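Novice: Required output: the full structure, derived from the provided sequences and hints.
Numbering of the sequence shown is given in the numbering used here, commencing with residue 28 and proceeding in unit increments.
Because the hints were derived from the structure by calculation, they are not lab data. Nothing here was measured: the structure is a model prediction, and the numbers come from that model. Every residue, glycine too, gets a C-beta built ideally from N, C-alpha and C. Be careful, since some hints might not be right.
[As the list claims (entries may be wrong)] What follows is a list of derived Cβ distance ranges for each label pair:
no.: 1; residue 1: Glu174; residue 2: Asp198; range: 29 to 37 Å
no.: 2; residue 1: Ala279; residue 2: Ala249; range: 37 to 45 Å
no.: 3; residue 1: Thr138; residue 2: Val299; range: 35 to 43 Å
no.: 4; residue 1: Gln209; residue 2: Lys331; range: 53 to 61 Å
no.: 5; residue 1: Asn151; residue 2: Thr44; range: 12 to 20 Å
no.: 6; residue 1: Ser74; residue 2: Asp198; range: 15 to 23 Å
no.: 7; residue 1: Ile310; residue 2: Ile196; range: 36 to 44 Å
no.: 8; residue 1: Ser307; residue 2: Asp200; range: 47 to 55 Å
no.: 9; residue 1: Asp180; residue 2: Asp126; range: 14 to 22 Å
no.: 10; residue 1: Ser108; residue 2: Glu174; range: 20 to 28 Å
[Stated by the list, open to error] Pairs of lysine to aspartate or glutamate, EDC-like flavour, derived with a Cα cap of 16 Å:
no.: 11; residue 1: Lys140; residue 2: Glu94
no.: 12; residue 1: Lys122; residue 2: Asp97
no.: 13; residue 1: Lys89; residue 2: Asp137
no.: 14; residue 1: Lys140; residue 2: Asp97
no.: 15; residue 1: Lys89; residue 2: Asp135
no.: 16; residue 1: Lys122; residue 2: Asp84
no.: 17; residue 1: Lys140; residue 2: Glu182
no.: 18; residue 1: Lys122; residue 2: Glu174
no.: 19; residue 1: Lys122; residue 2: Glu187
no.: 20; residue 1: Lys89; residue 2: Asp200
no.: 21; residue 1: Lys122; residue 2: Asp104
no.: 22; residue 1: Lys122; residue 2: Glu99
no.: 23; residue 1: Lys140; residue 2: Glu174
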Amino acid sequence: MLLLPSLALAQEAGEATLTLGPGPAENLLALQLGALGFTDSQSTQISGDIDVSLEIDPATGKVLTIEFTDGELSASDVVFSLAFGAATASTSGIKGTVDTPGAPGAVDGDTQKFSAAEHRITFNQGQLMGDALGNSFSTDFSTSPTEWTGNGDGEVTVTEVSRTATRIIFDVDLALPVIDTQTETYDGIEVELTLTGTLTASGQVFVYRSAYLQWTEENGIAGAAFTDDFGPGAWTNGLTWAMRSSRVPWSAASNGALSLDLPAAGTRGALVLEQSTDLSNWIPALGSQIVGGEIELPAGSTGKIELVSPSVDRYFRVRAIEP
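Specialist: See the structure below:
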C-alpha cells in the first residue's frame with residue numbers, strides 16, 4: 028500500500044549565534060525595583076550571545092519562523108536606593124538565557140516582525156540583596172529563576188551576503204523588546220521588579236539552497252548536478268537522494284505487476300511515474316496503470332508502488348523532481 032504524507036515536509040532551519048551589540052547605548056535595559064511603596068529605576072547593560080533557529084525561504088530570503096534555543100546573557104550590577112535610603116538593594120552576577128516556550132514562533136513574511144510575547148528572558152544566576160527599614164531580604168536566581176516575557180513586535184532582518192554551491196549566507200539583525208513586571212516576596216518583603224528595554228543582536232546564518240544540495244555536500248559531491256549519475260550502475264544523484272539509495276531494483280509482483288518499495292523513512296523528494304515504448308520518449312504513466320497510487324508522489328511518500336502494463340512493449344521508470 029502506498030502512503031502519502033499528510034503534511035508538507037518542513038525545511039531545515041539555519042542555526043546561528045548572535046552577539047548582543049556592545050555599544051554603550053545598546054542593550055541598556057531599565058530595571059526598576061519597588062518596595063514599601065517606593066520605587067527606584069537603574070540601567071543595566073546586557074551583554075552576551077543569543078542562539079536562534081531561523082527558518083528562511085531560500086527562494087525569497089524571508090524568515091518564516093524564529094526560535095530562541097539558548098543564550099548566555101549577563102546583566103551589569105546595579106544599586107537601588109528607595110525612600111531616601113530607607114531601603115536599599117543591589118544585584119550581583121545576574122546571568123540568564125532566552126527561549127521560545129511554544130517553539131517555533133511565527134514571523135510575518137512581509138514585515139519580518141514577530142510577536143515578542145512568544146519569547147522570554149530568564150534570569151537563572153546571580154543574586155538580589157537588600158534592606159528595608161532594617162529588615163534584610165535576598166534571593167538567589169539560580170534556585171528561584173525570574174522570567175520576563177517579551178512585549179510588542181520583535182523584528183528580524185536577514186540580508187544575503189554570499190553564496191556557495193550549496194549554501195546561502197545571510198547577515199542577521201534582531202530586536203526583541205521586553206516590558207514585564209514580576210512581583211515576589213523575599214524574606215517577608217514584597218518586591219516588584221520591572222524590566223524594560225530592547226535586546227538587539229547580530230550575526231550570520233546560512234541555509235542550504237535546497238534539501239538536495241545539502242545532501243550533495245554531506246556526501247562529498249557538493250553542488251553536483253541533479254541528473255548526473257551517482258556512480259557506475261547507480262541511479263542519478265537526484266533519484267538516489269529522493270529514494271535514499273543508489274540501487275533499488277524493480278521487482279516482479281506475483282500478479283505480474285512491477286513493484287518498487289519506497290523508503291520506510293519516506294522519500295526525500297517528490298517523484299513522478301513515467302512510461303515509454305522506446306526508452307527514449309517518456310510520458311506520465313496512466314492512473315489505470317498504477318495499483319492504489321498516484322502518478323505524482325510528494326516528498327515523504329512511503330509504502331509500495333505497483334504498475335501494470337497493458338502491453339509487453341511498455342517500460343516504466345520513476346523520476347525524481349528537482350526541488
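Novice: Looking at the structure, which of the earlier hints fail to hold?
Specialist: 14, 16, 19 and 23
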